[in-house]
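Colleague: Using the sequences provided together with the hints, build the complete structure.
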Amino acid sequence: MFVAWRDLRFARGRFALVAAVVALVTLLVGFLSGLSGGLAAQNVSAVLALPADRVVLAPPTGGGAATFGESVLTPAQTRVWRDAAGVTALHPLGLTQGRATHGDVSSAVAVLATDPGVDPDGPARDGRVTLSEDAATALGATAGATVRIAGRDLRVDAVTGPSWYSHTPVVRATLADWRALAPTPDAVTGLLVRGDTAADAADAAAGTASASPLGSLRFLPTFRSEIGSLALIVALLFGVSALVVGAFFTVWTMQRRGDVAVLAALGASRRALVRDALGQACVVLLGGVGLGLLVVVAAGAAAGTALPFVLSPATTLLPGALLVLLGLGGAAAAVRTVTTVDPLTALGSHR
Amino acid sequence: MITLHDLVLTYPDGDRRLTAVDHVSLSVEPGVVVGVTGPSGSGKSSLLALAATLVRPDSGRVVVGGVDATALSADDAAALRRERIGIVFQQANLLPSLTAREQLQVMAELAGPASRSARAAAPTRADELLGAVGLADLRHRRPHELSGGQRQRVGVARALMNDPSALLVDEPTSALDSERGAEVVDLVVRLTRELRTATILVTHDLQHLPRLDRVVRLVDGRVTAADAPAHAVPVST
Ligand SMILES: Nc1ncnc2c1ncn2[C@@H]1O[C@H](COP(=O)(O)OP(=O)(O)O)[C@@H](O)[C@H]1O
Ligand SMILES: [Mg+2]
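Top to bottom, those sequences are chains A and B.
If you use the numbering used here, the first sequence closes out at 351, no skipped numbers anywhere.
If you use the numbering used here, the second sequence closes out at 1237, no skipped numbers anywhere.
Treat the hints as calculated values from the structure; they're not laboratory data.
Keep in mind that a hint or two might mislead.
Distance windows between CB atoms, simulated [stated by the list, open to error]: (1) A/F10 with B/Y1011: 32 to 38 Å; (2) B/A1071 with A/L17: 45 to 51 Å; (3) B/H1140 with A/G228: 56 to 62 Å; (4) B/D1013 with A/T250: 29 to 35 Å; (5) A/A16 with B/S1115: 30 to 36 Å; (6) A/L243 with B/G1112: 27 to 33 Å; (7) B/D1058 with A/V240: 48 to 54 Å.
Even for Gly, the Cβ is constructed at its ideal location relative to N, Cα and C.
Modeller: Here is the structure:
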């Protein structure tokens, strides 16, 4: 890195420019990642936390893919699953969006229900609910208050952590209370199944669709379109940054070919030349990404609760590391030509 | 000590081959400067490139400080160059981002990061050599702040940094006026004596020949007047 460091200092304007571009890309990627993470959490955090090994839903009778919103599971389908191989526990799931009121305050909520004792965050018995943090804030209710859902007065057992479904905060109730909201009297939204089940056979026999809680995100059509477009933009930005860094180091390496030929003629090892060039790219990338992440963290902290923004290693360090890797890939493609420089050209009268 | 045995080098030339160096043998002892002269295109640079292990001969052998360089891999040839061969180029070929002293220090870093002791010794050695070429005061200047003659002297000092057994100099005076050129040749001769390098100096400038120990004249890649003492070579124009 002897020459690399001095080149960095000597041509600092050029390197600062590229580092600034990398910082900007990092800023955009970090911001979009944080926003995607925030939006995703507001869409699906309750689904991801469902207490089950498999979530079973019923596709619409008219055909088409199963969704949380439209799923209605009949008692007959429940019976098939109850008898399926490998099922160690099975509980009904109720999930419906509705309104809750507390005094004069009314708010859209998602009511999530199963048998008492299955969901550790759920209420202990009928006539009770628990409010997720944001539901409690929206309703202005605390533990001990009474909220009204679908014409029933329910006492708030506790306020739990954040939990969201389809951008509405979650209220947990028992199945019996949820039925007041349910579209058909003895049907449920789905099943929460424990055990290492023969899921394909059970799905075929019952005419249902099942997946792990993570896999069940595909039963949320809005999630796919929402995250899909954001992920596409993030992927494009990753591509842009690899190209920008690769292009810069291609031009830079071509400019340096004469110097590289001289160093090779003087006896520099190819390894030392490549290490120098890659080390230089690494410094530029780490500087740019580091700067970009600092701004992302500052902006994310400033945004606070105004935006659904998630600051976590997964939305900052991970994309940052990916940007460094992609940039190094671009630089490596350029720097490879260092090994093809003929030291003989250093002897020529014109370089 | 550097010995060239019966070297032949050809370049592709259409569907035939052009013979740039044609059965040349040459032996240079420590502390001796041999001049290589001849018209443009006579193979002087090609011969120097062979001696510097920058190209591989079609046939013949190059032995530097007791090591046969002919069969070395590219990496081993690079190691031989950095340990035993000093090269001074026609253009000084200094690195634009380095100061004069750093141009010399870089010679300790060619194989990767230098060892702690090598790194500690490099600045002292660099200052010594810059003093020897009369540039002690300019050691913090970068190439664009030096004159052509000063740059070429930095190039000479750099070539001597790793204490080479052979010093190979290609037309060091071609970019300089005759006075500056004479100074550089005198410097090479003086340092050859002091540091006991085996030196080959390529020049087409006959004015410098009397300062050298022996002169080899090349025409079309062949030696026409070899191993004659410098003063016996007719200096004609
Ligand atoms: N890389 C090369 N490829 C093809 N021909 C070359 C190359 N380098 C030199 N030559 C040819 O070899 C001959 C000797 O060139 P060179 O050694 O540079 O001579 P000098 O240094 O005496 O001017 C010339 O005819 C030149 O055109
Ligand atoms: Mg030449």
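Colleague: Starting from the range 29 to 35 Å, see whether the pair B/D1013 and A/T250 falls in it by beta-carbon distance.
Modeller: 32 Å, holds
Colleague: Look at the Cβ atoms of B/A1071 and A/L17 and judge whether their distance stays inside 45 to 51 Å.
Modeller: 47 Å, holds
Colleague: Starting from the hint 32 to 38 Å, judge whether the C-beta atoms of A/F10 and B/Y1011 obey it.
Modeller: 36 Å, holds
Colleague: Could you tell me whether the CB distance from B/H1140 to A/G228 stays inside 56 to 62 Å?
Modeller: Cβ of B/H1140 to Cβ of A/G228: about 58 Å, so the range 56 to 62 Å holds.
Colleague: Quick check on a hinted range of 27 to 33 Å for A/L243 and B/G1112, using CB atoms only.
Modeller: 30 Å, holds
Colleague: Lying within 30 to 36 Å: is that true of the beta-carbon distance A/A16 to B/S1115?
Modeller: About 33 Å separates the Cβ atoms of A/A16 and B/S1115, which means 30 to 36 Å holds.
Colleague: Using the Cβ atoms, figure out if B/D1058 sits within 48 to 54 Å of A/V240.
Modeller: 50 Å, holds
In summary, this structure violates none of the numbered hints.
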